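There are 2 protein chains.
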Amino acid sequence: MNRYCVIMCGGVGSRFWPFSRTDRPKQFLDFFGTGKSLLQLTVDRISPLVPPENIILVTNHLYEPLIREQLPTIKPENILLEPARRNTAPCICWAAHHIAALDPEAVIVTLPSDHLVLKEKAFEEAIEKGFRFVEQGERLLTLGITPTNPNTGYGYIQQGAPTDDYDEILKVKSFTEKPNLEMAKVFLASKEFFWNSGIFLWSAKSILSAFERYAPDIAHLFDAPADTYSTPKEKEFIDKTFPNAPGISIDYAIMEKANNVYVETVDLGWSDLGTWLALYQASPHNADGNVTQNCKVIASGCRDSIFATSSDKIIVAEGLKDYIVADSENALLIYPLSEEQKIRHIVTEIKSRFGESFT
Amino acid sequence: MNRYCVIMCGGVGSRFWPFSRTDRPKQFLDFFGTGKSLLQLTVDRISPLVPPENIILVTNHLYEPLIREQLPTIKPENILLEPARRNTAPCICWAAHHIAALDPEAVIVTLPSDHLVLKEKAFEEAIEKGFRFVEQGERLLTLGITPTNPNTGYGYIQQGAPTDDYDEILKVKSFTEKPNLEMAKVFLASKEFFWNSGIFLWSAKSILSAFERYAPDIAHLFDAPADTYSTPKEKEFIDKTFPNAPGISIDYAIMEKANNVYVETVDLGWSDLGTWLALYQASPHNADGNVTQNCKVIASGCRDSIFATSSDKIIVAEGLKDYIVADSENALLIYPLSEEQKIRHIVTEIKSRFGESFT
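As you go down the protein sequences, you meet chains A and B in turn. Residue 1 is where the first sequence starts when you use the numbering used here, and the numbers rise one by one after that. Residue 1001 is where the second sequence starts when you use the numbering used here, and the numbers rise one by one after that.
By construction, these hints were calculated from the structure, which means they are not laboratory data. In this text the structure is predicted, and so the values were computed from the model without any measurement. The beta-carbon is built from N, C-alpha and C at its ideal position, and this holds for glycine as well. Worth double-checking, as some hints may not be accurate.
[To be verified] So, partial list: chain A residues that the calculated Cβ filter (under 10 Å) puts toward chain B:
hint, residue
1, Y214
2, D217
3, D288
4, K296
5, I315
6, A331
[To be verified] Think about it this way: if two alpha-carbon atoms lie no more than 30 Å apart in a straight line, the pair counts; the simulated DSSO-like pairs of lysine-lysine are:
hint, chain 1, residue 1, chain 2, residue 2
7, A, K129, A, K173
8, A, K296, B, K1321
9, A, K129, A, K119
10, B, K1296, A, K351
11, B, K1342, A, K296
12, A, K321, B, K1342
When you get a sec, could you build the whole thing from the sequences and use the hints?
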């Protein structure tokens, strides 16, 4: 069985403050009160397709205790600890080397750890099909979500020519990261564009050769002597090398440049849960358009708002329209949904004015 | 030393939800983060004037443990436990009997336990003067506060003829409980009216004879054999009798009817802290008119609002005008200050829908 999974779980998630905290980012939270964190749900979701010993977690070294606590059956050697935050490209390059050393014929699905996927069965079928597609050649595959609104928070993938044998897999024509609203509306109307889910499939060989070709600086950094990866020497090498890597995304480093990129169009009931607005949109609304997470709410004259608490709590509110009300431990956010892009900057301000205990 | 103090501390304070809770009403809370509850501050305030063994607390039996915890030096025999809630008249009648049995010549100051008094020195002087006044004859004295705005939540006392020897003490012409706004404005403009502070002075004899004359039903109920009050028989008698008393206020039962009622006009830096609006008005405001209690606040575009938390917490808010934001344990209130009179009804709704743990 040479199918592997890499789960990226080192993000900070500051746009989701105050739920997401520096010492417990959103992937480690039980967001929907199901009894499982988003990370645990991600592992559950991929487990029918990849054996447990082939699931690799890449995270910041700070989160090792949280990973061990939440995923006690994952072996320590399957947890790759980044000594610094460097976005997704260096993370993916390292993981590919690590896996290639274990199995040169490996194919890999790379998953974010903090997204919502409601349709598990469709997810399974899509990943299964994706594995088969990338097992057949040097191809980089990304899962594309049919957009339902002109969201300006996502990356957009333009479809190109169809492929043989796979109706839902198409050549990629272009990538556009976070377009403005006008452009997003044009993309939506054209029906040629898909949201970039951040779920990727490729063989270890394909992605490593793409790094050599399109991001030679990163490829060069991770060029190690033959007995380094997946041996006791790996940690020392990474601790020295990794901080020198540039902090760039895999989309920017590889996907936007490579000419062998494909998109598999899928309907997964997906949200990146990147922001309070995304959570609001992904959640069931009551007659007033309000969303309730985890709490009891008595709201009069409140509309199109999300009320969320991290513990069993009652909220009494009146007259709020288009608001986020989010209460978690020592912090309370009462903020217009339309202004949520400011939240990450406020978190920075809080940290400098009041210290890390509030972030 | 035959000066006594009765502190009434059996109230529920539901208008101050979610800070004030059924099992810990507002008099037991450290409202201003000073390290002392409003009740403890009340005891401190009267201590220069009345010896500790002459301070009597009257409360609901439910709050005995809280009183013992907060006031460990008060002797158990000085805590009178009401077996039922019956407003202030029965409470005051019982306390007068209890004290008269200890000292027939006693004079008594009766204090609410949950008010704010900023000017301690003025308070001391006012009570000292009041004691002297009521020691000289059968007089019922109430402290009246010079009104600063047409507040419709207070009782208003109209001044009558001056008295000999005491510039600040006047005969009372009339009482008006909670007037409408039009009337309150007329009262304010006339300069003849004072807010009823709920602080009363009289001799035990005077108030008991007033009960006989103006509230004979209550007087009759508390008519006990000679060796009942302040003896081991008191509790059994009260547990049987007290629940039969009508639930009415001392203002309505006695003060509005008696012809020997006087008002001492005082400036105490007083607020009854009866509502969030009262707390808002009694607290220092920042340049945007916002009040912060106990918490750190990052507020943009917020005006004339009060932000209060019962623990060290940060609140990030935008766009709130004239709001109460009050967070305490398992409850959060986000409510227009102008609608605060609805809070007590909401608390009733919460209790019936979600149970007592939230109230």
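Hint check against the structure, violated hint numbers in rising order
1, 2, 3
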